[in-house]
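Residue numbers (the working numbering), protein chains in the order written: chain A, 1 to 110; chain B, 111 to 228.
Incorrect hints may have been included.
As the list claims (entries may be wrong) - Quick list of in silico lysine-lysine cross-link-like pairs, DSS-like style, CA-CA up to 25 Å: (1) B:Lys127 <-> A:Lys97; (2) A:Lys42 <-> A:Lys2; (3) A:Lys45 <-> B:Lys121; (4) B:Lys121 <-> A:Lys79.
Said to hold, decoys possible - Now the in silico label distances, taken between C-beta atoms and shown as ranges: (5) B:Ser115 <-> A:Cys40: 19 to 27 Å; (6) B:Arg191 <-> A:Asp57: 39 to 47 Å; (7) A:Asp77 <-> B:Pro171: 40 to 48 Å; (8) B:Phe176 <-> A:Gly16: 44 to 52 Å; (9) B:Val122 <-> A:Lys42: 15 to 23 Å; (10) B:Gly138 <-> A:Cys40: 28 to 36 Å; (11) A:Arg66 <-> B:Gly150: 27 to 35 Å; (12) B:Leu228 <-> A:Tyr51: 45 to 53 Å; (13) A:Leu74 <-> B:Ser119: 32 to 40 Å; (14) A:Ser53 <-> B:Arg174: 27 to 35 Å; (15) B:Arg191 <-> A:Thr95: 27 to 35 Å; (16) A:Thr95 <-> B:Gly150: 21 to 29 Å.
In case anyone wonders, no lab produced these hints; they're calculated from the structure.
Every residue, glycine too, gets a C-beta built ideally from N, C-alpha and C.
Next come the chains, spelled out residue by residue.
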Amino acid sequence: RKEVEQDPGPFNVPEGATVAFNCTYSNSASQSFFWYRQDCRKEPKLLMSVYSSGNEDGRFTAQLNRASQYISLLIRDSKLSDSATYLCVVLSYNTDKLIFGTGTRLQVFP
Amino acid sequence: GAGVSQTPSNKVTEKGKYVELRCDPISGHTALYWYRQSLGQGPEFLIYFQGTGAADDSGLPNDRFFAVRPEGSVSTLKIQRTERGDSAVYLCASSDPTRGPGSYNEQFFGPGTRLTVL
């Protein structure tokens, strides 16, 4: 079983839609969680950190449920420019290495 | 300022050959990481340097893979006797681990080297 699991998609949504991605992680000792964005043939870039209290950055909201070991990302009012792969990432317990999910591909169409 | 740079951007080699991939981290970043990303997968950790020393090399798949960072800045990932299964994008990242405990030292990624083994 992979340490971080997410649905690879693709999710095809129209502009203006709300879309949610989910992710589960297996190591209950994990402390830090993130969403990274990766455009086609580009490097991953940090989108946002994920906290138990939930956090919001404009149209993006991230949530963490430690009891269920579940992380989510909600994108409201989707834009064409949101088309990308969204990677769920866990910071390995007691080290600095990042553990990535396979990524969920989002395609926003006009 | 300048980000992480990697050379070459693309490398095509034949099975059994030796390759070297180079990473220039962001100036002042003492932590450097190598990841490998296969098609349709997320990046997978290979090795992490803090300064000149390898702090964690648990992700290196076998002894054909080796990495160095002799002066604590530029790093080279070396692959001996390449195999077709080594074909992937090799990503380098760096971070500045000066933030306090409990803070995330963001890892900034370079554009990667796309390695193709024929």
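Each hint, compared with the structure:
no.	hint	verdict
1	B:Lys127 <-> A:Lys97	violated (29 Å)
2	A:Lys42 <-> A:Lys2	holds (24 Å)
3	A:Lys45 <-> B:Lys121	holds (23 Å)
4	B:Lys121 <-> A:Lys79	violated (35 Å)
5	B:Ser115 <-> A:Cys40: 19 to 27 Å	holds (20 Å)
6	B:Arg191 <-> A:Asp57: 39 to 47 Å	holds (46 Å)
7	A:Asp77 <-> B:Pro171: 40 to 48 Å	holds (42 Å)
8	B:Phe176 <-> A:Gly16: 44 to 52 Å	holds (50 Å)
9	B:Val122 <-> A:Lys42: 15 to 23 Å	holds (20 Å)
10	B:Gly138 <-> A:Cys40: 28 to 36 Å	holds (30 Å)
11	A:Arg66 <-> B:Gly150: 27 to 35 Å	holds (29 Å)
12	B:Leu228 <-> A:Tyr51: 45 to 53 Å	holds (46 Å)
13	A:Leu74 <-> B:Ser119: 32 to 40 Å	holds (35 Å)
14	A:Ser53 <-> B:Arg174: 27 to 35 Å	violated (45 Å)
15	B:Arg191 <-> A:Thr95: 27 to 35 Å	holds (29 Å)
16	A:Thr95 <-> B:Gly150: 21 to 29 Å	holds (26 Å)
Consistency note: the structure conflicts with the earlier hints numbered 1, 4, 14.
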